[in-house]
Structure formats: structure tokens, C-alpha cells
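Assemble chains E, S, V, C and G onto chain F, guided by the hints.
Chains as they are written, first to last, in the working numbering: chain F, 3 to 192; chain E, 3 to 192; chain S, 3 to 192; chain V, 3 to 192; chain C, 3 to 192; chain G, 3 to 192.
If you are wondering where the hints come from, they were derived from the structure by calculation, not from laboratory data.
Computed from a predicted model, the values in this text were never measured in an experiment.
Careful: at least some of the hints might be erroneous.
[What the hints assert, rightly or not] List time: in silico EDC-like cross-link candidates among lysine to aspartate or glutamate, alpha-carbon distance up to 20 Å: (1) V:133 / V:145; (2) C:133 / F:129; (3) V:133 / E:156.
[To be verified] So the derived label-pair ranges between C-beta atoms look like this: (4) S:192 / V:15: 44 to 50 Å; (5) S:125 / E:33: 36 to 42 Å; (6) C:150 / F:64: 44 to 50 Å; (7) S:60 / E:150: 31 to 37 Å; (8) S:140 / F:25: 28 to 34 Å; (9) C:150 / G:150: 55 to 61 Å; (10) V:18 / C:150: 25 to 31 Å; (11) S:122 / F:26: 56 to 62 Å; (12) C:150 / S:144: 18 to 24 Å; (13) C:192 / S:192: 58 to 64 Å.
All residues carry an ideal CB built from backbone N, CA and C; glycine is no exception.
Protein chains: 6
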Amino acid sequence: MADHSLPTALNLPMQDPLPAHTQKYFDVCMEKLGMIPNVLKAYAFDTEKLDAFTGMYNNLMLAPSGLSKLEREMIAVVVSSINKCFYCLVAHGAAVRALSGDPALGEALVMNYRVADLDPRHRAMLDFATKMTQASATIEEPDRQALRDAGFSDADIWDIANVAGFFNMTNRVASATDMRPNAEYHAQAR
Amino acid sequence: MADHSLPTALNLPMQDPLPAHTQKYFDVCMEKLGMIPNVLKAYAFDTEKLDAFTGMYNNLMLAPSGLSKLEREMIAVVVSSINKCFYCLVAHGAAVRALSGDPALGEALVMNYRVADLDPRHRAMLDFATKMTQASATIEEPDRQALRDAGFSDADIWDIANVAGFFNMTNRVASATDMRPNAEYHAQAR
Amino acid sequence: MADHSLPTALNLPMQDPLPAHTQKYFDVCMEKLGMIPNVLKAYAFDTEKLDAFTGMYNNLMLAPSGLSKLEREMIAVVVSSINKCFYCLVAHGAAVRALSGDPALGEALVMNYRVADLDPRHRAMLDFATKMTQASATIEEPDRQALRDAGFSDADIWDIANVAGFFNMTNRVASATDMRPNAEYHAQAR
Amino acid sequence: MADHSLPTALNLPMQDPLPAHTQKYFDVCMEKLGMIPNVLKAYAFDTEKLDAFTGMYNNLMLAPSGLSKLEREMIAVVVSSINKCFYCLVAHGAAVRALSGDPALGEALVMNYRVADLDPRHRAMLDFATKMTQASATIEEPDRQALRDAGFSDADIWDIANVAGFFNMTNRVASATDMRPNAEYHAQAR
Amino acid sequence: MADHSLPTALNLPMQDPLPAHTQKYFDVCMEKLGMIPNVLKAYAFDTEKLDAFTGMYNNLMLAPSGLSKLEREMIAVVVSSINKCFYCLVAHGAAVRALSGDPALGEALVMNYRVADLDPRHRAMLDFATKMTQASATIEEPDRQALRDAGFSDADIWDIANVAGFFNMTNRVASATDMRPNAEYHAQAR
Amino acid sequence: MADHSLPTALNLPMQDPLPAHTQKYFDVCMEKLGMIPNVLKAYAFDTEKLDAFTGMYNNLMLAPSGLSKLEREMIAVVVSSINKCFYCLVAHGAAVRALSGDPALGEALVMNYRVADLDPRHRAMLDFATKMTQASATIEEPDRQALRDAGFSDADIWDIANVAGFFNMTNRVASATDMRPNAEYHAQAR
Numbered sequence: 003m004a005d006h007s008l009p010t011a012l013n014l015p016m017q018d019p020l021p022a023h024t025q026k027y028f029d030v031c032m033e034k035l036g037m038i039p040n041v042l043k044a045y046a047f048d049t050e051k052l053d054a055f056t057g058m059y060n061n062l063m064l065a066p067s068g069l070s071k072l073e074r075e076m077i078a079v080v081v082s083s084i085n086k087c088f089y090c091l092v093a094h095g096a097a098v099r100a101l102s103g104d105p106a107l108g109e110a111l112v113m114n115y116r117v118a119d120l121d122p123r124h125r126a127m128l129d130f131a132t133k134m135t136q137a138s139a140t141i142e143e144p145d146r147q148a149l150r151d152a153g154f155s156d157a158d159i160w161d162i163a164n165v166a167g168f169f170n171m172t173n174r175v176a177s178a179t180d181m182r183p184n185a186e187y188h189a190q191a192r
Numbered sequence: 003m004a005d006h007s008l009p010t011a012l013n014l015p016m017q018d019p020l021p022a023h024t025q026k027y028f029d030v031c032m033e034k035l036g037m038i039p040n041v042l043k044a045y046a047f048d049t050e051k052l053d054a055f056t057g058m059y060n061n062l063m064l065a066p067s068g069l070s071k072l073e074r075e076m077i078a079v080v081v082s083s084i085n086k087c088f089y090c091l092v093a094h095g096a097a098v099r100a101l102s103g104d105p106a107l108g109e110a111l112v113m114n115y116r117v118a119d120l121d122p123r124h125r126a127m128l129d130f131a132t133k134m135t136q137a138s139a140t141i142e143e144p145d146r147q148a149l150r151d152a153g154f155s156d157a158d159i160w161d162i163a164n165v166a167g168f169f170n171m172t173n174r175v176a177s178a179t180d181m182r183p184n185a186e187y188h189a190q191a192r
Numbered sequence: 003m004a005d006h007s008l009p010t011a012l013n014l015p016m017q018d019p020l021p022a023h024t025q026k027y028f029d030v031c032m033e034k035l036g037m038i039p040n041v042l043k044a045y046a047f048d049t050e051k052l053d054a055f056t057g058m059y060n061n062l063m064l065a066p067s068g069l070s071k072l073e074r075e076m077i078a079v080v081v082s083s084i085n086k087c088f089y090c091l092v093a094h095g096a097a098v099r100a101l102s103g104d105p106a107l108g109e110a111l112v113m114n115y116r117v118a119d120l121d122p123r124h125r126a127m128l129d130f131a132t133k134m135t136q137a138s139a140t141i142e143e144p145d146r147q148a149l150r151d152a153g154f155s156d157a158d159i160w161d162i163a164n165v166a167g168f169f170n171m172t173n174r175v176a177s178a179t180d181m182r183p184n185a186e187y188h189a190q191a192r
Numbered sequence: 003m004a005d006h007s008l009p010t011a012l013n014l015p016m017q018d019p020l021p022a023h024t025q026k027y028f029d030v031c032m033e034k035l036g037m038i039p040n041v042l043k044a045y046a047f048d049t050e051k052l053d054a055f056t057g058m059y060n061n062l063m064l065a066p067s068g069l070s071k072l073e074r075e076m077i078a079v080v081v082s083s084i085n086k087c088f089y090c091l092v093a094h095g096a097a098v099r100a101l102s103g104d105p106a107l108g109e110a111l112v113m114n115y116r117v118a119d120l121d122p123r124h125r126a127m128l129d130f131a132t133k134m135t136q137a138s139a140t141i142e143e144p145d146r147q148a149l150r151d152a153g154f155s156d157a158d159i160w161d162i163a164n165v166a167g168f169f170n171m172t173n174r175v176a177s178a179t180d181m182r183p184n185a186e187y188h189a190q191a192r
Numbered sequence: 003m004a005d006h007s008l009p010t011a012l013n014l015p016m017q018d019p020l021p022a023h024t025q026k027y028f029d030v031c032m033e034k035l036g037m038i039p040n041v042l043k044a045y046a047f048d049t050e051k052l053d054a055f056t057g058m059y060n061n062l063m064l065a066p067s068g069l070s071k072l073e074r075e076m077i078a079v080v081v082s083s084i085n086k087c088f089y090c091l092v093a094h095g096a097a098v099r100a101l102s103g104d105p106a107l108g109e110a111l112v113m114n115y116r117v118a119d120l121d122p123r124h125r126a127m128l129d130f131a132t133k134m135t136q137a138s139a140t141i142e143e144p145d146r147q148a149l150r151d152a153g154f155s156d157a158d159i160w161d162i163a164n165v166a167g168f169f170n171m172t173n174r175v176a177s178a179t180d181m182r183p184n185a186e187y188h189a190q191a192r
Numbered sequence: 003m004a005d006h007s008l009p010t011a012l013n014l015p016m017q018d019p020l021p022a023h024t025q026k027y028f029d030v031c032m033e034k035l036g037m038i039p040n041v042l043k044a045y046a047f048d049t050e051k052l053d054a055f056t057g058m059y060n061n062l063m064l065a066p067s068g069l070s071k072l073e074r075e076m077i078a079v080v081v082s083s084i085n086k087c088f089y090c091l092v093a094h095g096a097a098v099r100a101l102s103g104d105p106a107l108g109e110a111l112v113m114n115y116r117v118a119d120l121d122p123r124h125r126a127m128l129d130f131a132t133k134m135t136q137a138s139a140t141i142e143e144p145d146r147q148a149l150r151d152a153g154f155s156d157a158d159i160w161d162i163a164n165v166a167g168f169f170n171m172t173n174r175v176a177s178a179t180d181m182r183p184n185a186e187y188h189a190q191a192r
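For reference, chain F alone in the conformation it holds in the complex (with noise of 0.2 Å):
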């Protein structure tokens, strides 16, 4: 793979210097996961666009909701799977891995999520994150009812289609500038 210095195909550099909140973020980030996740990178040439961005992605997959973190990061690699967007399939992918400790399963979810060994509430919810990917307009009552006979609250059905909808968001994002996914995520969780 070639070496990128920056983390898109734009010639859009991080603000420099970078303002204190999103230096200290960055500063997190690289204490905790050994490295800036390119994406933050990308936004940073303008850090209110990044601020935006983070607000929205912090909200949906890390704030209190009934779906569980492994569930939301499991949605992103459908999502990233039908859409073959290389930047999300191989963060996600390694989050999968790592919140389920089942390699395989972050590999199936990665190629063919119809060959995982889901309980009927992933697949529910898969499924429907499928559809609204691949055919949204299509979408009717009996596929939310479907979503509540598996167990999902009305409030879980917001979160499924809210996460689906920003992978479809940041998959088209991630492709339409060639953003690369740092090398640490390929080895993790193997």
C-alpha cells in the first residue's frame, strides 16, 4: 500500500496549531489507542467541521442507548460491507473484533453477514440496517414491527436507523476522498 501523509486524497492539512480542546483530544486519543484515527485527521482542516463530526459520532456510538457498543460497531460493518468502503471496514472491523472477542465474527460481518451465527435479535436488526442501505425508500410498517417483535424499543429503532444511516453517511464520505484507515487497526484483535 502506498504511504499517504495526509489521511484523503484532498490537499486539506490539519489546522496548525491545532485549538487546545482538539490538541487535548488528539492527545487522548494517542494515549489511549496508540494513534489519531485518520478520520479525525481529515476533519481537522477545519475544526468546527470536526467538532460537528465528533459531536454526532460521539452521540451515536458511544452515549447510553439500548444497543449495546458491539451492536452499533456491528451495524457500521454491515452498513460498510454492502457499501465496500475500505476506511470503515477496517476500523470497524477491528472494533468487532475487539468488543466481541470473536475474530470470526468481525470477519463474517466484514463478507457476508448472512453467514454469522446471530441470534434472531442481531439478525433483526442486521437485516434492517441491510434494507436501509440497499433499498430505504422500500421501508414500511411491518419492517419496524419486525425490529419490535425481536425485543427493540421504539427508541432502539431511532438508534438502529440513526447508526445505519450515519454509516451510509461516512462510507460515501470515506470513498469520495480516498480517506486510508491507519495501518494499527489490520493486526488487531486477530
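Just chains E, S, V, C and G now, kept in the frame of chain F:
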């Protein structure tokens, strides 16, 4: 069309009372637009989610950019046309009609942007948004170069990609939750 | 939108003078509609072709049928939405708005008929027209039976099939020749 | 194959007796073709519909045109191949074999016209008909210009568009009603 | 159709002389079929490749199986119809006509197997082959169970899957190399 | 992932005892690979089928060719990515990682080969394999010429076509039978 007392098919009523900053925001909407857009009511069951959404929306659609507000609305409508999102076509179709003063342009972007008499800049912009929506994994450097050749900077390309990405998110959230547009939009700027 | 002195991108001016029966037909159009629909002008380079077209059109859309005129227009719009035909969406979208007195219904059929609040009869009719448009080779007896179960007779099914088929023809002719709708339609019945 | 006493799956028997002009038309068919094509029998439950259909069919397929009768049949077969219409492939495949004297050409157009050894005129004509059938909303001026470059006049382009459009109608009507071809076609001109 | 002195568009002439066992095989073909199928000539530039191909072909299509030879040819034609492979449709369409004694069945499978009057066993078999060809990643246990319910053993399912898989290979090889069928097939068993 | 005592969802246990040449082959697999690949166990319910399969596999993937073994594995992975075949992606993804010594290359080919930093030869090769997999009926002489222009001989083109074709077969057989990859692959060459 049915009367919907909730803005979506999910039973997620607004926080009551709303936090002061949200109530103020909604008051401004009523004053300026004569309505509170249903997408805002829909997120208001959890005002942290609403704040994250509006933070991203306002940065993308209203902040200074090399793209005019009309251009951002044009992208919104063309993406929504591909995804057949009723909510977004109604709301942002009205915005294109109002900002352009050209009702037929709004109609053309809802129906098939290829018939609109677009200058090369707008055609390139909407072709890129279309490819991002339909086949983002096949975008490569020549696609970005076509935008540069049409006069867009790398920062503009970032904005095109993020606006197109954003509506690929909201289209799916709106369809997944059966979000209904305010009736006021239909007759606006005809 | 550009000014088009010819109704299509083809250099095929109307016969001049028109035969008496054609001139009379166009005079009636002007009197009743305030315009001559561009599709008629387009065919009028060869009035034998015009007569053949109007013979079929008038039988399908205006002759006595188990389908109301509004129902036939609803099929026209839904088929045209799938095929993204600007001419037919503009002209027949206006017809749905006018015949139904419900502008939002017209918009919904242009954008995504699945969000419209349709009774089971209309939903079955439009689902059949959709399947005919997208995957006609997969229609089998259960598809026809679903129409009978919704109350349609075999003669009605013939009419649904022929109206849906007809707009699959005209959508393609209009797009292939860049046929432009009369500007008058845009603001009608809003 | 099953024996079908009616020409379609709909219970719509022919008018009895037929009007004199229809009976005469059918007598001519028997005399010239040795059969009454089932499509005519199908429409004959309502001879006004039959007259409208044959008016359009005869104008398109038999009237003077810059396209030869074989060329019009070639378009019919290629469109029907994409739509997988059994009736039209059987009937018009036989016509291509008979008019061309080249059974392998008929087979190639039924199966995949790209393998046929076509001159550039025919290839351009069939490429246009294919694009009209698969993605009519994406046709633009360069597509029409390609036909002009291959030697077609604007009147010829009109005829290509209308023949291709017509079979997009009849393919769908035939599939929607399970119209069955006369058995005589299968062995003709092999 | 053009005269092709080589069986494909690749300049790969047969080994000369052929090994004795290959020459003998080709002599048997001439004697029994009156021709050497072009697919064999195509592989004969490298008789090790030819032997590997015929080893697999003969096992799949001719060895004892719960599927009759006609059933295996029916799968071949339906898969080839989806992939629009001229070579395989011509050669195996002839085989279906010959083995079934029903030319219309051969035509129906080439054009659209859904119109053929198939018993439930054959319909299930061809539906499975179709799903394998169009969307293999979505096959799950209910698809296999549908075959068992139609009377197929697990060994039969293996054979259906392998025959359908095999023609998904050969269709692509034939199209990729422009392999041409022997002219003799066209008129056979009409 | 579930424990599968059989290599597929079909109840087809291996012949017992295995013929001597098969037992020897499996012993070599255990010695060299530390496992017997499940695809071999799956075919071993009928060792004539196993021999036919391995005859073809070994010729294609291991015999002398203008394509390196890595190149053949690259084709295998890219075809399997389109078809979303879990078995083949796991097994041949591991092979690409091992033969290339570049784990990120293996990941990129599984996820979206367009992001990999490929030289023009490999890009042309994988573009051809992709077109064969997605739309083989549209391959024409310019597609083959693009391979020649990238330095491939006609014998190389044959091999590209046959390897790409082969995995279009095995992907479908694996998905149709729910064939499961050996767990050992997941962690290899990371």
C-alpha cells in the same frame, strides 16, 4: 394524506418541557418559517441527539463555504431523488424553488436532474453526488479531478462529499422512521 | 430552463398546414387547456403517427373503464417516477393533483408512492404497475390474483396492464427525444 | 407447454360475433399467415382497443420509414430480450429469421445481440434501443448524436425511439397477462 | 454471422498433433455428433487443461445422479439465460430440445423459464439455480429446504449446486473469450 | 461461529474408508497445511467428484502459467468479494496475505480492490475479472485488448478468464451449500 400527530411512525414524543435553548430555537423557527420542521420535532425526544444533528446540519448547510446555499440544496434534492425520500424531496425541493426563484428547476432536480439546463459546474457537482449515492466504492481520482476541472477547490470537494453524504444519512433515517414533511412545504415558491 | 422552440431535441417541425382534423383537435386543446400539449406537437411532424398515438392514448386514458380517470393517472405517475421521465411526471403529476384535489398525493406519487395513504385497492394497483415496470418477466398468476382479491375484474387487470405498459413506452420516447413539458403544468393545482 | 384455449391468463373472450372489419382482418391473417396472432385475439375482447393497438402497430412496423422492416424487427427482439418477454421473442425472433434469411442472427438477437456480427449502423441502433430499455432517463444529446453519426436522420431516430418504446409496452402487457405465442412460430425459418 | 477459423477471439491454436487420447476423443465426437464442439477445440491448445475441463464436465453432466440428463441441461440453459451466454444457450438449448422432444420447452428456458409449464420439482430446481446465479450470497437454509420439500436428496442438492455453479463458470469463460457455437446446433431438434 | 461437524449444510459424509490416493492426498494436506481444507472434505462424499474438482483446481491455480500464483489468488479474492463468498474470502484472503507478505493488500482485495495501490498490470487483470463477474455478456474485443495492452498474452487472457470463471463457480457452490472455512485461516499471515 393521513394526519400524523407525531412526526414519525415511532412513538417518541418530544421532551416536555424542552430545554430553554431548544425552546428558543423552535420559537425562532416559528417566527421565521411559520413552522417547526418535523425533522427537528422528531429528534427532540432526546435533545442531545437534536443538538448533535443540528450542529452537523447547520455547519454543512449554512456555514461559509465555496458552495452557495442553493448549490448545497441542489445536492440535497438530487441525492434524495435517487433515494426516493419523500421528506427530503418535499422540504429541500421547496428550498431549491425558493432560493433559485425557478420552480421548474426544483421540479427537474426532484424528477431527473439530467434534463435541467445546468452549467458545467453544477452538472459536475451533481454527477459526483449521484455517483457517491449510487456507487461510492467506484469513485477514484479522475472523479475528483473532474470537480477540480470544473473549478472546485479541494475544500469545495470536501463540502460536496459531506453534503451528499449527509443526505444519504437523512434520507435513510427519514424513510426508516416514516418521517412526514410539514404540509406547508407543498405550495411554497411554486 | 432553456427555451425550446421545438418540443423535442429532434429537428422535426409540425406539418404545415396541419390537416383539418388535426387543426381542429389542437384548437380544442387551446380552448380547453389553454395550450397544446407538447407531446401532440412532437408527433405532429407526421399526423398519421399522431393519429395512431392519440387513438391509443384516448382509448386508454379516457374511454369507459372499471378504472377511474384518476386511477389511470395515478398509474401514469408511478410508472413515470420509476423511469424518471420529466415530461410525464410534470404533465401527469398535474393531472393527479387536479383530479384528486390533493396536491400532496400528486407529490407523493412523483416521489415515492409507498408513503401515500392509499386504500388497499390503489396500493395493489400501483404495486402491480411497479412490478410491471421493474421486473415484468417475473409476473405470475399470484400477482394477477392479488388484483382480483383487491376487487379488480379481469377487464380491469387488462386496463391496468395496458396503462402501465403505455407509460413505459411514452416515458422512454420522451426521454429518448428530450421532450419538454409545457411550462403551464408546473403551477397547476398546487 | 400447456394448451391454452384463451390467448392470455385473463378471462376475456373475443367479441362474438366480431365486427365485420375485424372478421375481415382476421380472415386475411389466416390466409397470409396461416394463423391469427394471439396478440390480436387477446385485444379482440374489445375491438376498439384492438383497433387502437393495430393502428399504432401497423404505423410503427409497416408504414414507410427510413428503417427497414427487418431493422424494426431487430429492435423488437433486442428490447424483448432485455425484458425477457416470451411472446415477443418467439413471434419477432421468427420475423428476424424470416426477413434476414439468417437463423443464427435471430438466435443471437434473442440471446445477446453483442455477439452478432453487426455493421456499425445496426450496432448503434441496437445500443440506443438497449439504453432506452435499461436506463432511459440517462439518455442525452450524445446518444442521439451517435445515431446521427451512424447515418440516421432525426426522423429515423424518432422511429427507433418509438419502436423501442412500443416493445417496452407490449413486452410488459404480454408478461402481465401471460400472453402465449402461437405454436406455429417455433419452427419457422430455422 | 462471421466465419471464425478459431473457436474463440484468442489466438490459441490446437496442439498439433493432438495426443492420441485427445484425437480419439475428437474422433468419437465426429462420429456421434457430426462435429467437435468448439469448447473442446478451444481448450485443446493445452490438452492438460482440456482433460481437466472434460473431467469435470463429464462427471457433472453425464455421471449417474439423482438428476436426469435433461434436468442437468435445463439448469444449464436457465443459468446461461441469466448470463446471456450465446455459446451455452445455443449448445444446451439444442440439448434440451433433443432430450425433451419439446422445442417450445427449449425456447421457454432460453427466454424466460417462468412461462414454461413446469412441475413443482423442476420449478424448485430452476428457482434455486436462478438464485445461485443472481444472488448466491443470500442463499440460506430455507432455500435448501425448499429443494428437499420438492423431493430432492442432499446429494441431488449438491448436484444442482454444482451444475448451476459450473455454467456460471463456462458462461463467463465463453463470453470473455468470444467462444462461438458450432453452426450445426441452430437447426437441431426444432 | 457455530461448530460444524460437517463441512457444509448438506448431510453428505466423506466416503469411509477413503480410497488410498485420496487418503494420501489428505495426509499431505495435514503435513503441509496442518489441516484438510473443508472444500476437499465436502467433495469427498464422492471421490470421483473430488478428483474432477482437484484436477481442475490444481491445473488452474498451481500449473505453470504466465500468471504468478499470487496473481491467481488475487483474482480469486476479487471475484469472491463481489459474490460475497465467506469460504473463498477467508481461504484465499489468507493466501494473498501469505504470498504477498502484505496483509493490507489481502484486506483491500477482500473489501474493495480499487483502493489497493496496484500496478497497471494488476489493475487491468482485476478490472477484467470484475467485469466477467458482474456483466460477462458485455465483454467485447476492447476488453481483451486492454489486457494485451497491459502486457498479457492470449494464453494469459485464457488463464485470467478461467480463474475468474472458476471462482464464480466455487463461490456459488460454497454459498449454496453453506460451506464453512477452516478456522485456521483467520489468523494466518496477519
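Verification of the supplied hints:
Proximity of residue 133 (chain V) to residue 145 (chain V) is assessed by CA-CA distance (about 9 Å); at most 20 Å being required, the pair is judged to hold. Among the hinted pairs, residue 133 (chain C) with residue 129 (chain F) is consistent with the structure: their alpha-carbon atoms are about 18 Å apart, no more than 20 Å. Taken as a hint, the residue 133 (chain V) and residue 156 (chain E) pair is broken in the structure, with Cα atoms around 34 Å apart against an allowance of 20 Å. Distance hint for residue 192 (chain S) and residue 15 (chain V): a CB-CB separation of about 46 Å, consistent with the stated range 44 to 50 Å.
Checked against the given bound of 36 to 42 Å, the beta carbons of residue 125 (chain S) and residue 33 (chain E), roughly 40 Å apart, stay inside it. The hint said 44 to 50 Å for the Cβ distance between residue 150 (chain C) and residue 64 (chain F), and at roughly 46 Å that hint holds. Take residue 60 (chain S) and residue 150 (chain E): their Cβ atoms lie about 53 Å apart, and the range 31 to 37 Å is violated. Between residue 140 (chain S) and residue 25 (chain F) the Cβ separation comes to about 59 Å, which falls outside the hinted range of 28 to 34 Å.
The hinted range of 55 to 61 Å is not satisfied by residue 150 (chain C) and residue 150 (chain G), whose Cβ atoms lie roughly 48 Å apart. The supplied range of 25 to 31 Å is broken by residue 18 (chain V) and residue 150 (chain C), whose beta-carbon atoms lie about 49 Å from each other. Separated by about 59 Å at the C-beta atoms, residue 122 (chain S) and residue 26 (chain F) satisfy the suggested range of 56 to 62 Å. Distance hint for residue 150 (chain C) and residue 144 (chain S): a CB-CB separation of about 23 Å, consistent with the stated range 18 to 24 Å.
In this structure the supplied range 58 to 64 Å holds for residue 192 (chain C) paired with residue 192 (chain S), their Cβ-Cβ distance being about 60 Å.
In summary, the structure is inconsistent with hints 3, 7, 8, 9, 10 from the numbered list given earlier, while agreeing with the others.
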